[in-house]
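All chains should be built: construct the whole structure from the sequences, respecting the hints.
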Amino acid sequence: MMGRTIFIDPGRCIGCQACVSACRECDSHRGKSMIHLDYTEPGMSVASLPTVCMHCEDPVAPCAEVCPADAILVTADGVVQQADTTRCIGCSNCVNACPFGVPKIDLQAKLQLKCNLCYDRTAYGLAPMCATVCPTGALFYGTLEELQAERPGVQVADSFVFGDVVVSTGVAMVVPAEKVQWPVPGGLPVVEINGVDVR
Amino acid sequence: MTATEPARGASGPGPVPVSLDPSIAPPGTRNFRDAGGIPADRWHADQNGETLVPTHCCFCGVQCGMYLRVDKGGKVFGVEPRNHDINRMRLCPKGINAYQQVNHPDRLTAPLMRRSRDEEFREASWDEALDFTVSEIRRIQDRYGKDAFGLLGGASLFSEKTYLVGKFARVALQTKHVDYNGRLCMVSAAGANKLAFGIDRAGNPFSDILLSDCLLIAGSNVGECFPVMTQYLWGARDRGASLIVIDPRETAIARTADIHVALKPGTDAAFFNAVLHVVVAEGLADEAYLAAHATGWDEVKETVAGYPPARAAEICGVPAGQIVQVARVFAGADRAMAWHARGIEHHSQGVENCLTVINLCVATGHIGKPGAGYGTITGQGNGQGGREHGQKSDLLPGGRSITNPEHRRQICEIWGIEESELPGAGTSMMEMVWQMQRGEIRGLIGICNNPFVSLPNYAVVKEGYDTAEFHAQFDFFLSETAANAHVVFPVTTWAEDEGVMANAEARVVKHNKAQEPPAGVRTDTWVMCELARRLGAGRHFDFPGSREVFEELRIASAGTVNDYYGITYDRLEETGGIAWPCPATDHPGTPRLFEDGRTYHPDGKIHLQVVEWHPPMDPYTEEYPLSLTTGRTVAHFLSGNQTRRLGALVEQTPRPWVEVHPSHGFRNGDPVRVVTRRGSEVFPALVTEAIRPDTVFIPYHWPVPTAANALTIDALDPRSKIPEYKVCAARIEAAERIDEVPEPPTAPGHRAYPETQVSRTDPLPPTAPQGRGTAERS
Ligand code: SF4
Ligand code: SF4
Chain A
1 MMGRTIFIDP
11 GRCIGCQACV
21 SACRECDSHR
31 GKSMIHLDYT
41 EPGMSVASLP
51 TVCMHCEDPV
61 APCAEVCPAD
71 AILVTADGVV
81 QQADTTRCIG
91 CSNCVNACPF
101 GVPKIDLQAK
111 LQLKCNLCYD
121 RTAYGLAPMC
131 ATVCPTGALF
141 YGTLEELQAE
151 RPGVQVADSF
161 VFGDVVVSTG
171 VAMVVPAEKV
181 QWPVPGGLPV
191 VEINGVDVR
Chain B
1 MTATEPARGA
11 SGPGPVPVSL
21 DPSIAPPGTR
31 NFRDAGGIPA
41 DRWHADQNGE
51 TLVPTHCCFC
61 GVQCGMYLRV
71 DKGGKVFGVE
81 PRNHDINRMR
91 LCPKGINAYQ
101 QVNHPDRLTA
111 PLMRRSRDEE
121 FREASWDEAL
131 DFTVSEIRRI
141 QDRYGKDAFG
151 LLGGASLFSE
161 KTYLVGKFAR
171 VALQTKHVDY
181 NGRLCMVSAA
191 GANKLAFGID
201 RAGNPFSDIL
211 LSDCLLIAGS
221 NVGECFPVMT
231 QYLWGARDRG
241 ASLIVIDPRE
251 TAIARTADIH
261 VALKPGTDAA
271 FFNAVLHVVV
281 AEGLADEAYL
291 AAHATGWDEV
301 KETVAGYPPA
311 RAAEICGVPA
321 GQIVQVARVF
331 AGADRAMAWH
341 ARGIEHHSQG
351 VENCLTVINL
361 CVATGHIGKP
371 GAGYGTITGQ
381 GNGQGGREHG
391 QKSDLLPGGR
401 SITNPEHRRQ
411 ICEIWGIEES
421 ELPGAGTSMM
431 EMVWQMQRGE
441 IRGLIGICNN
451 PFVSLPNYAV
461 VKEGYDTAEF
471 HAQFDFFLSE
481 TAANAHVVFP
491 VTTWAEDEGV
501 MANAEARVVK
511 HNKAQEPPAG
521 VRTDTWVMCE
531 LARRLGAGRH
541 FDFPGSREVF
551 EELRIASAGT
561 VNDYYGITYD
571 RLEETGGIAW
581 PCPATDHPGT
591 PRLFEDGRTY
601 HPDGKIHLQV
611 VEWHPPMDPY
621 TEEYPLSLTT
631 GRTVAHFLSG
641 NQTRRLGALV
651 EQTPRPWVEV
661 HPSHGFRNGD
671 PVRVVTRRGS
681 EVFPALVTEA
691 IRPDTVFIPY
701 HWPVPTAANA
711 LTIDALDPRS
721 KIPEYKVCAA
731 RIEAAERIDE
741 VPEPPTAPGH
751 RAYPETQVSR
761 TDPLPPTAPQ
771 GRGTAERS
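If you read the protein sequences in the order shown, they are chains A and B. Numbering follows the UniProt record's numbering, in which position 60 of the first sequence is assigned residue number 60; successive positions increment by one, without gaps. Numbering follows the UniProt record's numbering, in which position 12 of the second sequence is assigned residue number 12; successive positions increment by one, without gaps.
Heads up, none of these hints are tricks.
Covered by chain A, according to a simulated footprint, are these stretches of chain B (three or more residues, beta-carbon under 8 Å):
id	segment
1	70-81
2	89-99
3	684-696
These are calculated hints, taken from the structure and not from any lab test. It should be emphasised that the depicted structure is a prediction, and the values quoted were computed from it without experimental measurement. For every residue, glycine included, the Cβ atom is placed at its ideal position computed from N, Cα and C.
Structure representation (structure tokens):
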């Protein structure tokens, strides 16, 4: 299972966008935020959900696999890097391949941009900016053991099902205790639809 | 910056900055760089030689620790989270972007002056601006008397400066008219705490939240106003604590609560009385604790007998069963805590609302123990410390009363003046504005406040200020209020001076200086001392800097309830913060109160107070059937003078809106006119089920014509004199077009990039601002 990584707990997110602001400040993204904050139940609730790169492990980085210019590198510790600007041709293949909708194209620069887990920070033992500042712990950086020590009984999912394909990821999501250990459909950790167990 | 220089963020030499693509920028937002965002040279600063200066956030009462990143040239260029006890690295978006105001192009860098309001501002020398101010003070005081000149301070100032504000008013101006904008913040809670416990502060540190089994949050949108406190709430939840939230809106915190009581604004006292009714009826009161430690319990019991849940349910518009449930969960918990904020404090019965919460805590024995007690969620960074040392109209340093002869004598001795020279108690901030309107106060100096946005009933405020013959303002940006002044003194930001603030736990923390002020800018301390010298009171104001003021403040507070004597700058730097009272330099401070069961009243008892609910001041009629309530959004701070200039925050929440329930038939973004007895304004609708059908909500950070406070009522709580911001009668109707948000004012010659700004008239960004749910219906 995963080592030090990000754990996302949408149940805690207050939609404050501290993560978005912090991401802009990080030296590896230089003024652009790589986090998307989604509001999941508009008009019904204030629920919100941050999306960062999931750093897919199996199949390894679909974005990188489809890149015709081999611009997206995956490090030995599983971090999927932002496209190398000297190689990226701005073709958007990665955007289409990502099951979680993470990479974006900077239209002016014609370059891909994505979360690289603040590699300049994590490589030196610091937490990524978003998870450092998140006031609620909706984004948590550490090991599963550290997370569980802080949040007794917390359960996480690191595999998600899209049609026939199961994607297991380096970043994990907190899910209700009884829903865990099963790939989660549609890229979101939901295993129940309208009260029906879809497992 | 002059008009001909390139805009900040425009491409200059060096690598082309990545710009926010206008094609993907949300409509109605400005490019955050153009709005004054991350400094253009941000990524080219010499980061190898950077230093990290430990300090705290300048905004809310959490006082998160942070490092300011300072480049080799001594300029602040970024922020880094800091593992301080209070926030453990966490920051909210305001904290992350705060550093951007330090070297912002809108900074005032020379005194601005004009002889009449019909003239344009021109830059003046410090001597000229100070001399003009002094001559106007003399003219007004000679003609109309000393009390015709007033001083309004602020609770975002360091405590040293708030101490100086009080001393400057009484010793240099010799006026009784001094007050501060904390009057608009948590004075109701302060009044209630004083009445019940004889001490004006929260009973417990934040860390006690983690030990609690039940947390009751009354009238606080914690997720947006106090974001970093959320981690404590979640920490308690992880241990199984239950969460009760009292709020007319389903905020992010209410969404996750075990019990969310969406009561009608202005009915809190009835609700808490009813909860206490159930506690008594079900035998859940801690009679042994009450007998030993409290007075007034019998009277309180008798009063709450008149509030059966059925009656309160009708008043508050909530199910009676919920009231019973709250009583059982709160009283039944091993350790429970109540935290409250403006939602129950901003009322014409604000003090009484807080007293009902105290009654509940005390009656259930949840007081003075780890994980059990009460706290106030302060709005401004120094909302707590800002009133402790004498800028409040009725208080002298150390929380001494200005009407108590013994207290007066003590302070006169420290200040070296005759008791006859010390003025008496003045009036509150709103009352001072009314006095200006009536011509009783003819001249005013405002320091670090923006009443044009932050006071209720804008028309009255504007008339009051316009009637004043002379008005000077200290600020580092030209606020809406400063734009109406005769003289504006450019002063330092929090990063250019050192000083202390007391956060919501009454923990005193030290802010450090990260950079030299820009040329032309002086500290508030320097300006006050210089004015005092020119007024002939120089010998009382010989303070080279904050350190010397703090030494006098320590001495002036010694022996009082608000004892700072044992707190020194060195100790603060070593410990990361000390909670007062701290009477000796080897005293550890007092994070938790009443552990020995004794309060700060002479008899050591808790004085419970009887409260009867009464309706809000603005009556509902057929014409005005709805309640209008106001509040904050996570991206902006108070009057927005600071945050409405920071690009990322403007982009996050570019403008206000009105939250309405779907039952009113509006669609998202529709222009909705909100009408109250004070006026009307048009906002885009944010249609959401997260609000009561009989209530509408507007965030208040913007000036007219998009100011919630043009609509709110200037009724005051008779005891705390806090305005009734949180409830007034209103109606809504369809309108043609939405009122536009004006640009923040700037000094002549600033803002070289208006042409790059996108209009901010579009109804709403595509995603709801800061997470409010929006109903998409077609
Ligand atoms: S910082 Fe945390 S709580 Fe705030 S929006 Fe991001 S994930 Fe949500
Ligand atoms: S505004 Fe308050 S919560 Fe946000 S960073 Fe500053 S002190 Fe912390």
